[in-house]
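Model the placement of chain A on the given structure of chain G, informed by the hints.
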Amino acid sequence: MHVATRDELSAALDDFVRRFRAEPRLKQMTRDWNRTIHVAADDVAGAEFTLRLEDGELSLQPGPPAGPAELAVRADLATLAAIFRGEMSPTEPYMSGRLRIAASEEDTMRLDVVTLMIWDA
Amino acid sequence: MPERPRPAPAALGGGDLLRRVLTLRTVVSTSAGLTLATTTFVAAAQMASYVAGDSAWIAVLVAGVLALCAAAGFAEMNGMFPSAAAIRVYLHRGFGERLALVVSFLYIGVVVAVLGAESFVLSQAIAYVVPSVPPLVWNVALIALMAAVNIRGVKVAGAFQDVLTYGLLASLVAISLVAFASPGFRPTSLLAPGPAGGLLQSVALGVFLFIGFEWVTPLSEEVTQARLVPLGMLIAVGLLAVTYAVFVVALTATVGKEALAATPVPQMLLATKVLGGAGAVWMLVLSLAASATTFNAGFGAGSRFLYAAGREAAVPRWFARIHMRYFTPQNAIVFLFGFTLVSTVLVGLTGRYTLLVDMGAALESIVYVLVSLAVIRLRRKEPDLARPWRAPFVPWLPAFTAVVFAVLAVGALADDPWAPVVLAAAALAVTGYVVWVVPRLRARAERERLALRAGRSAAGRP
Numbered sequence: 038m039h040v041a042t043r044d045e046l047s048a049a050l051d052d053f054v055r056r057f058r059a060e061p062r063l064k065q066m067t068r069d070w071n072r073t074i075h076v077a078a079d080d081v082a083g084a085e086f087t088l089r090l091e092d093g094e095l096s097l098q099p100g101p102p103a104g105p106a107e108l109a110v111r112a113d114l115a116t117l118a119a120i121f122r123g124e125m126s127p128t129e130p131y132m133s134g135r136l137r138i139a140a141s142e143e144d145t146m147r148l149d150v151v152t153l154m155i156w157d158a
Numbered sequence: 013m014p015e016r017p018r019p020a021p022a023a024l025g026g027g028d029l030l031r032r033v034l035t036l037r038t039v040v041s042t043s044a045g046l047t048l049a050t051t052t053f054v055a056a057a058q059m060a061s062y063v064a065g066d067s068a069w070i071a072v073l074v075a076g077v078l079a080l081c082a083a084a085g086f087a088e089m090n091g092m093f094p095s096a097a098a099i100r101v102y103l104h105r106g107f108g109e110r111l112a113l114v115v116s117f118l119y120i121g122v123v124v125a126v127l128g129a130e131s132f133v134l135s136q137a138i139a140y141v142v143p144s145v146p147p148l149v150w151n152v153a154l155i156a157l158m159a160a161v162n163i164r165g166v167k168v169a170g171a172f173q174d175v176l177t178y179g180l181l182a183s184l185v186a187i188s189l190v191a192f193a194s195p196g197f198r199p200t201s202l203l204a205p206g207p208a209g210g211l212l213q214s215v216a217l218g219v220f221l222f223i224g225f226e227w228v229t230p231l232s233e234e235v236t237q238a239r240l241v242p243l244g245m246l247i248a249v250g251l252l253a254v255t256y257a258v259f260v261v262a263l264t265a266t267v268g269k270e271a272l273a274a275t276p277v278p279q280m281l282l283a284t285k286v287l288g289g290a291g292a293v294w295m296l297v298l299s300l301a302a303s304a305t306t307f308n309a310g311f312g313a314g315s316r317f318l319y320a321a322g323r324e325a326a327v328p329r330w331f332a333r334i335h336m337r338y339f340t341p342q343n344a345i346v347f348l349f350g351f352t353l354v355s356t357v358l359v360g361l362t363g364r365y366t367l368l369v370d371m372g373a374a375l376e377s378i379v380y381v382l383v384s385l386a387v388i389r390l391r392r393k394e395p396d397l398a399r400p401w402r403a404p405f406v407p408w409l410p411a412f413t414a415v416v417f418a419v420l421a422v423g424a425l426a427d428d429p430w431a432p433v434v435l436a437a438a439a440l441a442v443t444g445y446v447v448w449v450v451p452r453l454r455a456r457a458e459r460e461r462l463a464l465r466a467g468r469s470a471a472g473r474p
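Protein chains in written order, with my numbering: chain G, 38 to 158; chain A, 13 to 474.
Mixed in with the good hints there might be a few duds.
Here are some chain G residues pointing at chain A (derived, C-beta under 7 Å) [to be verified]:
| # | residue |
| --- | --- |
| 1 | E129 |
| 2 | M132 |
| 3 | S133 |
| 4 | G134 |
| 5 | M146 |
| 6 | R147 |
| 7 | T152 |
| 8 | I155 |
Quick look at which bits of chain A chain G covers, simulated, 3 or more residues with Cβ under 8 Å [as the list claims (entries may be wrong)]:
| # | stretch |
| --- | --- |
| 9 | 86 to 100 |
| 10 | 202 to 212 |
If you are wondering where the hints come from, they were derived from the structure by calculation, not from laboratory data. C-beta atoms are modelled at their ideal positions from N, C-alpha and C, and glycine is treated no differently.
So that you can see chain G by itself, here it is in the shape it has in the complex:
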């Protein structure tokens, strides 16, 4: 895996949001799941983004969330970029401890299902 940059992660997240919007089942599935997701690389200062799910619509903002988030997704930049580009299943780095998801069990499961439907369904 090559060394990723903050811009690459930003592009990967943009692509992720675009794919989310292109999948109508996801909008239906998440219409009652309003959540703020804080995505942060733990090896590059400032590589932080906020994904906001509101009434089935997903949006992306650079930087940390304004208030507390329900989910926090942390890993090194390369791993995060690979996950949001769909090159890597989140399960493998999660099981090795490289990816950390701070959230309730149910929210973690839902986020995983979203990635599953974007990349593998």
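Quick look at chain A alone, frame taken from chain G:
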């Protein structure tokens, strides 16, 4: 990917942006609540058979102190890797993926098999109070109910867990104290456990009393302060040790060892002797409460493990199918329902519910050995990784813990000649599966993934 030193979470610029609600009280109640189970009463009675008189409390406290040593290792690992995948992550980082997968499969397998024993024992307790309905009916109904509850995704709320656990602990102590105050209560050999071999065997089985205290680690990202999880685990183990120590003295001195050896429901005999029919009903309610969290945790951990294994193609992808309304791993839960049913029927047919207690204690001891060794190994391998909670006296304490629990694992397996045979056969089968089958499953999954992407590209989809 090369490992690199990482900054502490506080330096991440946003490490404290998560909603955190759980307090120490709930961490303790969750840790202790996941450990309390109806089969632990059976284990307590088993322990008593290896020591003289009513001295099993010594073995309980020794097992508790040793569990505290293991808890120190779990605390350090949890601080480094606050993940719901817990031992899977710890062992992966310490020893690589293959060993982590083998141990995790075995661990989850034994835990779920123990649920079969738990269901069997609980159904016997219900039949003790309601004898008109056959225990097997209760047994199947309990497992079906638990599977349904897990598919529905019902969670035990923090406040309810507090009431459940502290009520349970207080009730067990209260019933024990009533037994102490009974006119015929005359304990013997309280301070003389007898031969060292018997005490060792008793301590080995005592490990079973503390299985599950570490399952509180998934809460680490929901607590108000990161240090509460390690602290909560230590307090929970201490509370459990004291409660079980008091309980086992009441049990052996009131019921007698001969009666205890012949029953799957020792707690019911104690409550009946001390408080009559009302005591039996009270103890049944306690047993139901103890089993409820155990069932929920066992099914939850098992199904999510299988789901994750399905996602990473370590088992067929069928296991990764979820319920689209409740977002629970429905196929994994259905599989566990069948697995537990088979386990409980086998336990019912053979009557060997203690075999699973032995295997559970042995495997838990092995996990403690590996986690302790992983603490030492990671201190050398990844010294710069942030450790919010550091185990004391490394490497001496974890090395001591590893050696002691290796001996206790052997002791637990020595309780039943079938225990080492079944565990070795299971370990062999799982190792063969991980070495030979998993790589093929993963290769097939990768081929399918690439074909899916190619099909999408051809169709002009993103």
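Comparing the hints with the structure gives:
Residue-level restraint check for E129/G holds (minimum Cβ-Cβ distance to chain A is 6 Å; threshold 7 Å). The closest approach between the C-beta of M132/G and any C-beta of chain A is roughly 5 Å, which is under the 7 Å cut-off, so the hint is satisfied. For S133/G, the interface hint holds, the least distance from its beta-carbon to any beta-carbon of chain A being 5 Å, beneath 7 Å. Proximity of G134/G to chain A holds as hinted, the smallest CB-CB distance being about 4 Å (cut-off 7 Å).
Because the beta carbon of M146/G sits about 5 Å from the nearest beta carbon in chain A, less than 7 Å, this interface hint is met. Checking R147/G against chain A by beta carbon gives a least distance of about 5 Å; that is within 7 Å, so the hint holds. The restraint placing T152/G at the interface with chain A is violated, with a minimum CB-CB distance near 9 Å, outside the 7 Å limit. Evaluation of the I155/G hint against chain A yields a violated restraint, the C-beta minimum of about 9 Å exceeding 7 Å.
For the stretch 86 to 100 of chain A, the proposed coverage by chain G is satisfied: 7 residues have a C-beta within less than 8 Å of a C-beta in that chain, meeting the threshold of three. Chain G is given as covering the stretch 202 to 212 of chain A, and this is violated because 0 residues of the stretch bring a CB closer than 8 Å to a CB of that chain, at least three being needed.
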